[in-house]
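Given the sequences, and given the hints that come with them, work out the whole structure.
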Amino acid sequence: AQSVTQLGSHVSVSEGALVLLRCNYSSSVPPYLFWYVQYPNQGLQLLLKYTTGATLVKGINGFEAEFKKSETSFHLTKPSAHMSDAAEYFCAVSALGGGATNKLIFGTGTLLAVQP
Amino acid sequence: NAGVTQTPKFRILKIGQSMTLQCTQDMNHNYMYWYRQDPGMGLKLIYYSVGAGITDKGEVPNGYNVSRSTTEDFPLRLELAAPSQTSVYFCASNDRGGTYTEAFFGQGTRLTVV
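Protein chains in written order, with my numbering: chain A, 1 to 116; chain B, 1 to 114.
Source of the hints: derived by calculation from the structure; they are not laboratory data. C-beta: ideal position from N, C-alpha, C; glycine also. Careful: at least some of the hints might be erroneous.
Claimed, not checked - In the SDA-like style, the derived pairs of lysine to any residue whose C-alpha atoms are separated by at most 25 Å in a straight line are:
| # | chain 1 | residue 1 | chain 2 | residue 2 |
| --- | --- | --- | --- | --- |
| 1 | A | 49 | B | 50 |
| 2 | B | 57 | A | 3 |
| 3 | B | 57 | A | 1 |
| 4 | B | 44 | A | 46 |
| 5 | B | 9 | B | 22 |
| 6 | A | 49 | A | 60 |
| 7 | B | 44 | A | 48 |
| 8 | A | 68 | A | 26 |
| 9 | A | 58 | B | 3 |
| 10 | A | 103 | B | 12 |
| 11 | B | 44 | A | 43 |
| 12 | B | 44 | A | 30 |
| 13 | A | 103 | B | 27 |
| 14 | A | 49 | A | 19 |
| 15 | A | 103 | A | 50 |
| 16 | A | 103 | B | 77 |
| 17 | A | 58 | A | 113 |
| 18 | B | 9 | A | 45 |
| 19 | B | 44 | A | 38 |
| 20 | A | 103 | B | 44 |
| 21 | B | 9 | A | 49 |
| 22 | B | 9 | A | 88 |
| 23 | A | 103 | B | 102 |
| 24 | A | 69 | A | 3 |
What the hints assert, rightly or not - Footprint (simulated), chain A over chain B, 3 or more residues, beta carbon under 8 Å:
| # | segment |
| --- | --- |
| 25 | 30-41 |
| 26 | 65-78 |
| 27 | 102-109 |
Claimed, not checked - To give a feel for the contact side, a few chain A residues facing chain B, derived at Cβ under 10 Å:
| # | residue |
| --- | --- |
| 28 | 11 |
| 29 | 34 |
| 30 | 36 |
| 31 | 42 |
| 32 | 43 |
| 33 | 45 |
| 34 | 46 |
| 35 | 49 |
| 36 | 90 |
| 37 | 92 |
| 38 | 94 |
| 39 | 103 |
| 40 | 104 |
This is the structure we're talking about:
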């Protein structure tokens with residue numbers, strides 16, 4: 001079975017500062033990992049994903065994340081926050097396999113506020 | 001392509017009423033999902049389907065039913081609405097063939113049960 005833990009339900013940064021959103025996962029099989037962003041009153045949009053290969057993945061809007069198997073982590077970073085980055089961010093885990101591993105399981109989300 | 005389309009966008013139900021949330025996708029995806037989103041709880045999987053005619057329970061299936069008669073459509077049924085079902089509901093789909101593809105989400109249905 002898979003699960004996701006996002007540390008920090010609310011994160012506040014100043015415009016131009018580093019953004020770091022934490023995600024740890026648990027999976028009994030090699031995981032597929034995702035970060036989604038949700039703007040107010042919108043659906044979820046994929047920021048980036050890790051399936052196989054390079055462990056540092058780059059996504060849209062300048063975000064990137066690194067898969068660290070030894071730490072079971074997939075933290076999301078952005079070097080310089082913009083006001084437009086204010087949104088809720090969700091980490092998710094899945095796997096290509098039979099049965100329960102097929103499901104996409106989400107963390108509880110981190111609300112990012114960007115201060116001027 | 002329209003992607004994943006959910007209807008209605010908003011609905012107010014009285015306790016005990018029933019309704020169907022519609023979801024359709026035009027990407028020929030084999031997997032489809034229903035989630036509910038509650039503040040501070042993230043997204044919880046209600047039901048999912050791996051193809052037409054095949055459905056399975058997620059984390060929070062009680063009070064809901066689904067069917068998957070076609071690849072495109074995956075309606076969610078609430079038979080006896082309860083205040084605990086007040087939530088935002090999202091439908092999603094993806095392709096789980098040889099290569100995993102991202103899940104695409106609808107815009108959501110905001111349901112209030114009073």
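Here is what the structure says about each hint:
1. 49/A x 50/B: Within the cut-off at roughly 21 Å; holds.
2. 57/B x 3/A: Holds: residue 57/B and residue 3/A sit about 17 Å apart, inside 25 Å.
3. 57/B x 1/A: Measuring from Cα to Cα gives roughly 14 Å; hence the hint holds.
4. 44/B x 46/A: Given that 25 Å is the threshold and the Cα spacing comes to 17 Å, the pair holds.
5. 9/B x 22/B: Distance of about 10 Å is within 25 Å: holds.
6. 49/A x 60/A: Since the Cα atoms of residue 49/A and residue 60/A sit roughly 11 Å apart, the hinted pair holds (cutoff 25 Å).
7. 44/B x 48/A: holds, 21 Å
8. 68/A x 26/A: Holds. Residue 68/A to residue 26/A sits at ~12 Å (cutoff 25 Å).
9. 58/A x 3/B: OK: residue 58/A and residue 3/B at ~24 Å, within 25 Å.
10. 103/A x 12/B: This hinted pair is violated, its Cα atoms lying about 30 Å apart.
11. 44/B x 43/A: holds, 14 Å
12. 44/B x 30/A: Cα-Cα ~22 Å, so holds.
13. 103/A x 27/B: The given pair, whose Cα atoms are some 19 Å apart, holds under the 25 Å limit.
14. 49/A x 19/A: holds, 18 Å
15. 103/A x 50/A: With Cα atoms ~16 Å apart, residue 103/A and residue 50/A stay inside 25 Å; holds.
16. 103/A x 77/B: Holds - the C-alpha atoms of residue 77/B and residue 103/A are around 20 Å apart, at most 25 Å.
17. 58/A x 113/A: Holds - the C-alpha atoms of residue 113/A and residue 58/A are around 22 Å apart, at most 25 Å.
18. 9/B x 45/A: Roughly 18 Å separates the two Cα atoms, so the pair holds.
19. 44/B x 38/A: holds, 15 Å
20. 103/A x 44/B: Holds, at roughly 11 Å.
21. 9/B x 49/A: Roughly 28 Å between the alpha carbons, so the hint for residue 9/B and residue 49/A is violated.
22. 9/B x 88/A: Distance of about 20 Å is within 25 Å: holds.
23. 103/A x 102/B: Distance ~12 Å between residue 103/A and residue 102/B Cα, so the pair holds.
24. 69/A x 3/A: holds, 15 Å
25. 30-41: Since 5 is at least three, the answer is holds.
26. 65-78: violated (count 0)
27. 102-109: Our answer is that it holds, as 6 residues pass the Cβ test (under 8 Å) against chain A, meeting three.
28. 11: violated, 14 Å
29. 34: For residue 34/A, the interface hint holds, since the closest Cβ of chain B sits about 7 Å away, which is under 10 Å.
30. 36: holds, 8 Å
31. 42: holds, 7 Å
32. 43: holds, 4 Å
33. 45: Holds. Min distance 8 Å.
34. 46: holds, 5 Å
35. 49: holds, 6 Å
36. 90: holds, 6 Å
37. 92: OK, holds: residue 92/A within 10 Å of chain B, min 8 Å.
38. 94: holds, 7 Å
39. 103: holds, 6 Å
40. 104: holds, 6 Å
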